[in-house]
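Novice: Spelled out from the first residue to the last, the chains are:
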Amino acid sequence: MSAGLAESPTALADRGELALGLPESYLAAGHTLGSWLTSTDHKRIAILYAISITVFFFLGGAAATMVRLELFTPKADVVGADTYNKLFTLHGVIMVWFFLIPSIPTTLGNFLLPLMIGARDMAFPKLNLASWYLNILGGLLTASAMLAGGIDTGWTFYVPYATVFSNSAVSLGVLGVFVSGFSTIATGVNVIATTHTLRAPGMTWFRLPLFVWALYTTSLIFVLATPVLAVTLLLVVAERAFDLPIFDPARGGDPILFQHLFWFYSHPAVYIMILPAMGVISEVITCFARRRVFGYTFMVYALLAIAVIGFFTWGHHMFTSGMSPFAALVFSFLSFIVAVPSAIKVFNWTATLYRGQIGFESPMLYALGFVGLFTVGGLTGLFLASVPIDVHVQDTYFVVAHFHYIMVGASVSAYFAGLHFWWPKVTGRMYPETWAKFAAILMFFGFNLTFFPQFIAGYLGMPRRYHVYPPEFQIWNVLSSSGAAVLAVAYLMPLGYLTWSVLFGERARNDPWNASGLEWRTTSPPPRENFLGKPEVLAEPYNYHPEGAPPVKDQPRIPAQGSLT
Amino acid sequence: MSAAEKLLLREPWDGLGLPEESALARQRAGATFGIWIFIASEVLFFGAIILLYTVMRLEHPDAFAAAARETNLVYGTLNTALLLTSGMLAAVASRMNEGAGARRTVLWCLAATAGLGLAFLAVKGIEYREDIGRHLVPGPGFPLPQPPAQLFFAVYWFATAIHGIHLAIGIGLVARLAILGWRDPAFLPDNPQVEVSLLYWGFVDIVWIFLYPLLYLPGRAG
Amino acid sequence: MLAWLMPEQASVQAPRVDAIFLALTAISGAIVLLVVGLVVAFSIRFRRGSKANRDALPSLVAREFEIGWTAATLFVFVFIFWWAASAEIRAYVAPKDAIEVHVVAKQWMWKTQSSNGAREINELHVPVGAPVRLILTSQDVIHSFYVPAFRLKRDALPGQQTETWFKATKTGTFHLLCTEYCGTDHARMLGRIVVMEPEDYARWLSAQPEGDDLAHAGERLFAERGCAGCHAPGSGVHAPGLAGLWGREIPLAGGRTATVDGAYVRDSILQPKRDVAAGYEPIMPSYDGLLSDGEIQELTAYIRALGAGPRASRTPGRPPLSSRVPGAARDRSPAMVPGAPVDDGPAPAGAATRP
Numbered sequence: 001m002s003a004g005l006a007e008s009p010t011a012l013a014d015r016g017e018l019a020l021g022l023p024e025s026y027l028a029a030g031h032t033l034g035s036w037l038t039s040t041d042h043k044r045i046a047i048l049y050a051i052s053i054t055v056f057f058f059l060g061g062a063a064a065t066m067v068r069l070e071l072f073t074p075k076a077d078v079v080g081a082d083t084y085n086k087l088f089t090l091h092g093v094i095m096v097w098f099f100l101i102p103s104i105p106t107t108l109g110n111f112l113l114p115l116m117i118g119a120r121d122m123a124f125p126k127l128n129l130a131s132w133y134l135n136i137l138g139g140l141l142t143a144s145a146m147l148a149g150g151i152d153t154g155w156t157f158y159v160p161y162a163t164v165f166s167n168s169a170v171s172l173g174v175l176g177v178f179v180s181g182f183s184t185i186a187t188g189v190n191v192i193a194t195t196h197t198l199r200a201p202g203m204t205w206f207r208l209p210l211f212v213w214a215l216y217t218t219s220l221i222f223v224l225a226t227p228v229l230a231v232t233l234l235l236v237v238a239e240r241a242f243d244l245p246i247f248d249p250a251r252g253g254d255p256i257l258f259q260h261l262f263w264f265y266s267h268p269a270v271y272i273m274i275l276p277a278m279g280v281i282s283e284v285i286t287c288f289a290r291r292r293v294f295g296y297t298f299m300v301y302a303l304l305a306i307a308v309i310g311f312f313t314w315g316h317h318m319f320t321s322g323m324s325p326f327a328a329l330v331f332s333f334l335s336f337i338v339a340v341p342s343a344i345k346v347f348n349w350t351a352t353l354y355r356g357q358i359g360f361e362s363p364m365l366y367a368l369g370f371v372g373l374f375t376v377g378g379l380t381g382l383f384l385a386s387v388p389i390d391v392h393v394q395d396t397y398f399v400v401a402h403f404h405y406i407m408v409g410a411s412v413s414a415y416f417a418g419l420h421f422w423w424p425k426v427t428g429r430m431y432p433e434t435w436a437k438f439a440a441i442l443m444f445f446g447f448n449l450t451f452f453p454q455f456i457a458g459y460l461g462m463p464r465r466y467h468v469y470p471p472e473f474q475i476w477n478v479l480s481s482s483g484a485a486v487l488a489v490a491y492l493m494p495l496g497y498l499t500w501s502v503l504f505g506e507r508a509r510n511d512p513w514n515a516s517g518l519e520w521r522t523t524s525p526p527p528r529e530n531f532l533g534k535p536e537v538l539a540e541p542y543n544y545h546p547e548g549a550p551p552v553k554d555q556p557r558i559p560a561q562g563s564l565t
Numbered sequence: 001m002s003a004a005e006k007l008l009l010r011e012p013w014d015g016l017g018l019p020e021e022s023a024l025a026r027q028r029a030g031a032t033f034g035i036w037i038f039i040a041s042e043v044l045f046f047g048a049i050i051l052l053y054t055v056m057r058l059e060h061p062d063a064f065a066a067a068a069r070e071t072n073l074v075y076g077t078l079n080t081a082l083l084l085t086s087g088m089l090a091a092v093a094s095r096m097n098e099g100a101g102a103r104r105t106v107l108w109c110l111a112a113t114a115g116l117g118l119a120f121l122a123v124k125g126i127e128y129r130e131d132i133g134r135h136l137v138p139g140p141g142f143p144l145p146q147p148p149a150q151l152f153f154a155v156y157w158f159a160t161a162i163h164g165i166h167l168a169i170g171i172g173l174v175a176r177l178a179i180l181g182w183r184d185p186a187f188l189p190d191n192p193q194v195e196v197s198l199l200y201w202g203f204v205d206i207v208w209i210f211l212y213p214l215l216y217l218p219g220r221a222g
Numbered sequence: 001m002l003a004w005l006m007p008e009q010a011s012v013q014a015p016r017v018d019a020i021f022l023a024l025t026a027i028s029g030a031i032v033l034l035v036v037g038l039v040v041a042f043s044i045r046f047r048r049g050s051k052a053n054r055d056a057l058p059s060l061v062a063r064e065f066e067i068g069w070t071a072a073t074l075f076v077f078v079f080i081f082w083w084a085a086s087a088e089i090r091a092y093v094a095p096k097d098a099i100e101v102h103v104v105a106k107q108w109m110w111k112t113q114s115s116n117g118a119r120e121i122n123e124l125h126v127p128v129g130a131p132v133r134l135i136l137t138s139q140d141v142i143h144s145f146y147v148p149a150f151r152l153k154r155d156a157l158p159g160q161q162t163e164t165w166f167k168a169t170k171t172g173t174f175h176l177l178c179t180e181y182c183g184t185d186h187a188r189m190l191g192r193i194v195v196m197e198p199e200d201y202a203r204w205l206s207a208q209p210e211g212d213d214l215a216h217a218g219e220r221l222f223a224e225r226g227c228a229g230c231h232a233p234g235s236g237v238h239a240p241g242l243a244g245l246w247g248r249e250i251p252l253a254g255g256r257t258a259t260v261d262g263a264y265v266r267d268s269i270l271q272p273k274r275d276v277a278a279g280y281e282p283i284m285p286s287y288d289g290l291l292s293d294g295e296i297q298e299l300t301a302y303i304r305a306l307g308a309g310p311r312a313s314r315t316p317g318r319p320p321l322s323s324r325v326p327g328a329a330r331d332r333s334p335a336m337v338p339g340a341p342v343d344d345g346p347a348p349a350g351a352a353t354r355p
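Chains as they are written, first to last, in UniProt numbering: chain S, 1 to 565; chain P, 1 to 222; chain A, 1 to 355.
Keep in mind the hints are simulated off the structure, nothing from the lab.
Fair warning: this is a prediction, and the values are worked out from it, not measured in the lab.
Beta carbons are placed, not taken as given, at the ideal position from N, Cα and C, and that holds for glycine.
A couple of the hints might just be wrong.
[To be verified] Now the in silico label distances, taken between C-beta atoms and shown as ranges:
id, chain 1, residue 1, chain 2, residue 2, range
1, A, E224, S, V308, 25 to 35 Å
2, P, I132, A, E224, 32 to 42 Å
3, A, G129, P, A161, 52 to 62 Å
4, A, S86, P, L78, 57 to 67 Å
5, A, A223, P, L121, 47 to 57 Å
6, A, R225, P, G133, 30 to 40 Å
7, S, F326, P, I132, 42 to 52 Å
8, P, G172, A, A72, 50 to 60 Å
[What the hints assert, rightly or not] With a straight-line cut-off of 30 Å between C-alpha atoms, the simulated DSS-like cross-links for lysine-lysine are:
id, chain 1, residue 1, chain 2, residue 2
9, A, K51, S, K553
10, A, K170, A, K106
11, A, K167, A, K96
12, A, K111, A, K96
13, A, K106, S, K75
14, S, K437, A, K51
15, S, K75, A, K111
16, A, K106, A, K96
17, A, K96, A, K170
18, A, K167, A, K111
19, A, K167, A, K106
20, A, K111, A, K170
[Said to hold, decoys possible] Computed footprint of chain A on chain S, listed as stretches where at least three residues anywhere in the stretch have a Cβ under 8 Å from a Cβ of chain A:
id, segment
21, 374-380
22, 447-461
Model the full assembly from the supplied sequences, consistent with the hints where possible.
Specialist: Okay, here's the thing in structure tokens:
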């Protein structure tokens, strides 16, 4: 079965390994486009997702670049009001639904979940492929809305603006998001069923890597929150297309009801973006500190607590909409409580470093950056949970800065940490380490330069979604826009050197980081069946040193590579 | 491994290295578990519609009662009866399918389930035509004076249409089982797809049991 | 430095919000320093191959640390919650003697109308030191009334009324911004709040033309829409009279009581069968959908005026409402045209000099 494939000149699998009689890698199992587009292999589907979210990431990023360019001066000098409104809507819709929500679960998660629990594939491989097609269909619908004139409602689609007043292609874009919602539900069902039914012998619940726990809790939110968004968006479409007066205040409808339904999904959606990131960071920090994770059970319960309590805090998006003071207090209280498990996780990561053998390879740099940015993002969440402060900063740049610290600073850093960490396993190639370190550091500073000034502008009172603004805010916007330029470079760099590494990078060993997870106990890249034999788990996760013994200094794991040539 | 079981066993369950008997059992458990998670998701989907309805009805109790009196109780009740009967037949089919003995009964039950589902859609279609004839569509020409009555009918059309789409998918699934089972005697017995499809049918059934009193019965007592 | 990083404080609420904000910033800063400090310290001390001690921790210590910092964060967070919540509750109810201002938002302008008759567009003049109650609604989409210097924000919703209040502590001109995205010219839906000394305000107010104020419009509606048929004195129908009713606590059928305020009047018009006054039959039809929000506001103002005696809703010391300056309200606002930039020059001493 491997005959035709081994001859292929583009096969990425190590020929030396093939010569040893090892099974061919999943990358070698077919080189036609059709072999990718019809594959039910979770690893190939992960690659498909990685390609599509990369396209969406740079599409959304281009819109953000235009937005920051416009905000360089207080006047409207690059684009007009309507174009600006369409740009920030495009940025929000694409980044939230077509990059951030699928980012880690469908790429790293899809690739690693079966490998980490010792399974051959996801529980429902065809459903897995279908979910990618749904995601692409949704993305195409939303992109065609852009061609049909764009959407100018903001990613929140607030009614009655989105239903009655907007003249843009709202229905098409909303339908796209609706369709992609089914893609995330399918992924969620698949992850939950896989974790329940396909764990290898010996892989008990409390031996699962924290990344698997993170995917599991994320999928609970996928399954239970996304349908509410789906209905809400469908109602918006029904109101626009069939003139059904669902939220129309002129006929007795209640626009606040839309906000409740929307945030019932969209607040947990923030946890959809951050929980998998937390999982990635737990894997990376333990590996490069050479230590067992500090407080494994607390880490698991913290994930579960965030997922559950996160369902009951949506009201803090609506403190200024005239909700009763009692409701505001309850939502405020729950929003403070949901921050406690996040704080526990930060302390545990920090404590994991204690008495470790810490190395500073690029995944670790991203992970350490994550801890700092997530701490800032999480703490500014407390400001927004306090009702009086929220009343002042709601819908200002303070909120913008806060959620970018969580969703971009933390989640995207974690995505890059995971991408670099597992890159050798996924592609079988090493990337140039020096370039990666440089990109990681540049990203950290570029990010802070972009978004920290927005906290100040926000507290000073600069509202979001303004394409012109009072001149006293200009200094902060200039700082922010300059940071955005740095950030853009930092995001483009991995695109370059990672692509280079796929073609020219050094072959990766099976376990280049000496990591402990089950996913490293197979070839790089893994075969279609994932493992050579039947894996069996005998020990706790993060078994970097014997219980009670100090971690030892490892050999340097990879050769330092200074240039792309 | 027998031919039938080889047919039933799918990725990734065929790669577990287990005896076919237990591999198939695990596949069935996995499939059933998966559909239950999906049903949990669907509960939230319809839950949101029912929440929407509840809030609107609390805000406009009189208009909702007046509007609900305009729905056709006869068609609604007839449809409830059709769907409940179909649910019973679906349960019988699912139960009889454990083991190979009762293939004919299972086939008949599946066919009748799908048939009753089609009858439901037909009745619903007649009812829709009548509703449209009476201008019970929100917009100009709506017969009731209170604007919130239009809200009721917005929810009515939305909820019944969404339920109808779900039911149509269910009919497709059940009819597919019946046709494949009729062609290939080995297809149905112990096939996990039967239980999965019929669990979905049961869920769509139960949704109607909630929609019926909410849409047809308000304002009709006393 | 701090003044540069924080907006001006111009209301009683502003210093309270800033106090919580600064305390929270201090706590957060300490936590960030702690985390970043530990990460950096550990990274240096336990870098790969360093000579630091790496013996295993006793598991008891690990557990105690875990419980310790969980309890500590919980305590700190609940404390902040309590502080913020108490400040919020204190600020919730507007003082009884507040000037009432109705704000109607529409794409892309603010229309304000005081209970003392002044009507403005994209502007609101208020006296310093007097509480002002805002009753907001919108004619189209959701807007949000935001005055950074007052730390004040409240959404204006179509079909519903929301309320908030403030007391300015400083004279001057302050930004009024829309913070709920509302379409094309969202960023240009600006206005200004002009806070004046009471004497200047009195002078400004006396220069305002007296238009149809809310109560007068309400009086007309009361007759036109048939309310008077039942509720006017001497009507043959057994319906409660409305004079002197405002602000009183009245018994309801079923033994409950209700205070006659804006919400009660609104409910009684839209859902008359819900809270029927004791001793009356529930015979009033619902006006849900038959009256616009603006009309309900006008009727409410009329009933309120009946209660307090005709045209005497102003507290003593406020200027009388009598002047006839030519020119419609439109001409007095700097930014009637949606999209036009608001002129942020110094506040005029009085509008009487302007055409």
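Novice: Now tell me, hint by hint, if it's right for this structure.
Specialist: The hints, checked one at a time:
For the pair E224/A and V308/S, the beta carbons lie near 55 Å from each other, so the given range of 25 to 35 Å is not met. Between I132/P and E224/A the CB atoms are about 37 Å apart, so this pair conforms to the stated range of 32 to 42 Å. Under the hint 52 to 62 Å, the C-beta atoms of G129/A and A161/P, about 58 Å apart, fit the expected range. For the pair S86/A and L78/P, the supplied restraint of 57 to 67 Å holds, since their beta-carbon distance comes to about 59 Å.
Range check, A223/A to L121/P: Cβ separation about 54 Å, and the 47 to 57 Å hint holds. At roughly 34 Å, the beta-carbon separation of R225/A and G133/P lies within the given 30 to 40 Å, and the hint holds. With their beta carbons about 44 Å apart, F326/S and I132/P fall inside the hinted range of 42 to 52 Å. At about 57 Å, the beta-carbon gap between G172/P and A72/A stays in the expected band of 50 to 60 Å.
Taken as a hint, the K51/A and K553/S pair is honoured in the structure, with Cα atoms around 10 Å apart against an allowance of 30 Å. A C-alpha spacing of about 28 Å is found between K170/A and K106/A, which places the hinted pair at or below 30 Å, so the restraint holds. A C-alpha spacing of about 13 Å is found between K167/A and K96/A, which places the hinted pair at or below 30 Å, so the restraint holds. The hinted pair formed by K111/A and K96/A meets the criterion: a straight-line CA distance of about 23 Å does not exceed 30 Å.
For the suggested pair K106/A and K75/S, the alpha carbons sit about 23 Å apart, so the restraint of at most 30 Å is met. Of the pairs offered as hints, the one joining K437/S and K51/A holds, with about 25 Å between alpha carbons and a cut-off of 30 Å not exceeded. Among the hinted pairs, K75/S with K111/A is consistent with the structure: their alpha-carbon atoms are about 25 Å apart, no more than 30 Å. This hinted pair checks out: K106/A and K96/A have alpha carbons roughly 28 Å apart, not beyond 30 Å.
Distance restraint check for K96/A and K170/A: the Cα-Cα separation of roughly 21 Å lies within the 30 Å cut-off, and the hinted pair is therefore satisfied. For the hint linking K167/A to K111/A, the alpha-carbon distance of about 20 Å falls within 30 Å, and the restraint holds. About 25 Å separates the Cα atoms of K167/A and K106/A, which keeps this hinted pair within 30 Å; it holds. Taking the CA atoms of K111/A and K170/A, the gap is near 23 Å; set against the 30 Å cutoff, the hint holds.
Under a criterion of three residues with beta carbons nearer than 8 Å to beta carbons of chain A, the stated coverage of the segment 374-380 of chain S is upheld, 4 such residues being counted. Under a criterion of three residues with beta carbons nearer than 8 Å to beta carbons of chain A, the stated coverage of the segment 447-461 of chain S is upheld, 4 such residues being counted.
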